[in-house]
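Generate the whole structure from the sequences, applying the supplied hints.
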Amino acid sequence: MRRQIEGSRAIAETVARCRPQVVPAYPITPQTHIVEGLGAMVKAGTLAPCEYITVESEFGAMSAAIGASAAGARTYTATASQGLLYMAEALFNASGLGLPIVMTVANRAIGAPINIWNDHSDSMSQRDCGWVQLYAEDNQTAVGLHVLAFRLAEELSVPVMVCVDGFVLTHAFEPIEVPDQESVDAYLPPYRARQVLDPDEPVTIGAMVGPEAFTEVRYLAHHQLEQAIEHFPRLADEYAALTGGSLAAVSTYRVDGARTVVLALGSVSGTIKDAVDEIDEPVGVVTLTLYRPFPVDELRTVLTAAEHVIVLERAFAPGAGGVVSADVRTALAGRQTRVSTVVAGLGGRAVTKASIQAMLADAAANRLPELSFLDLRTDIVEEELARRDSAHRTGPHSQGVLRIAGVPGSRIG
Amino acid sequence: MFEIRIHGRGGQGVVTAAELLSVAAFLDGHEAQAFPSFGSERMGAPVMAFCRISDAPIRLREPVTKPDAVIVVDATLLHHVDLFAGVSTDGYVLINSTRSLAELGLSDLLERHQPGRVATIDATEIAREHLGRPLPNVCLLGAFAALTGTVSPGSIETAVRERFVGAVADANVRAAREAFAMMKQVTHA
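Residue numbers (my numbering), protein chains in the order written: chain W, 1 to 413; chain Y, 1 to 189.
Where hints are given, some of them may not hold.
A short, non-exhaustive set of chain Y residues, derived as facing chain W with CB atoms under 7 Å [claimed, not checked]:
1) ALA34
2) ARG61
3) ASP90
Hints in this document: simulated from the structure, not taken from any laboratory. Built from N, CA and C at the ideal position, the CB exists for glycine as well.
If you want it as structure tokens, here you go:
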């Protein structure tokens, strides 16, 4: 039954139906509603048996998750932004040890300058930490991805990050159907650990590995992670059969006959679809849900006919350019396909239909550079650069730019 | 698609109002979406929330820049935020204030818009009477239902009762009913 509920609420209810046994969590905007919801369910006894651990930090959260998972418990946590960075070391440990922890990242920008709003800088900064990364296009997808994430994590014994756009999805009320307990139970059998701390059958989890074996252990982790590409379609089919919910590692919209294709991750995809619906030239949209491991073959297939791929990214690599674009370029190596990077929606800057259509008009007129920033206010940038060049001690850019652009929240859109 | 933008300050229930509106529209059988746009996360800071109502699934995630209706929960924002940006002359404007449009210096709004589409209501006072607290958000939804006819008052009541319980729910429902009745009288006068 569809209900008009908040994304975070739907995610919390879904996670609860996956029966996590341990939830160590530390609150951070915009993830807080999810773990608050789970905490309330544990307290009320509706999520049981489950231990909710209020930890002292995100480093503590992931460390407790590692311990719980190694002890054989189905383990879940959630974080965002600086919180994800604070657990960075433990993230690599979770994946390196092969522990099937599931975590929601309520995507938010990373400071400085401090910013609570949505972009993908946080999860993209951890793209190489050895976790599966899934990006949700809408809350219905987010719900399904969480159920699939537990199954995928436990089948492969790898951790899975479900990335959900902060505020845009986590705080959005929309019609969402949370799968019923019976379907989730049918889909997700009780956790049977591939490795567990068991006094009757002792193992060393986290042995020191020297040069003679480190490459092999890392290779095996890579090999294990890559299995997710094969597992995903089967798990998605099973999920659809049980719940009717549609999930895909890569999904396409109007790509047939389109020479230009926009590729994006996350919630911006819906706005892009609405934008291309309104223009004359056929432009396709590819939504990448599975980002790590990177589904090279599937992307090569869906982009076969594309002459120009515009990768719209909600993060970027300073001093280099696109993050996802680099993967797309590698995937399309050997082809003549042009790949452009459009960095959009940083720190909550609205990505509008009008901006996307203007960008596509530039692309059609061959005016879109290899790297561009959507709606960059060049007037502000130029004024600030001039100010910086006017003296030596000109102070921080953020202060200078705020003087021109106005205080946070003063603009609509 | 009918798009609503709600302006107020942190602590006034702006985000809750948009959420409840979306629930009411959903209960009426529509597709709906509500989401907030926070400024600084603190009491008193300007806050916006958006609501879209449609008969087709809603994919669009951009903020509402061309609203069909604007609800102003806090009229002291009039000189700080471009509250009426993008609203067309056939759009609705509902302002929570003890003052008339003329007293607020908004006579031009009244002249520009179609008759019966711009109104003020003293929702804070109505809320104070019923809730004992100056929380005008639900009360404004009652007035909004009467002004625009976009959502049914019954669905607003159901949405309020799903969200709140006991005396708080009852008081909010009474406040919304009173505002609905008052606005019906004004717009049909």
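These are the hints, each one checked on the structure:
1. ALA34: holds, 4 Å
2. ARG61: holds, 5 Å
3. ASP90: It is violated, given that the least Cβ distance between Y:ASP90 and chain W is near 20 Å, above 7 Å.
When each numbered hint is compared with the structure, a violation occurs for hint 3 only.
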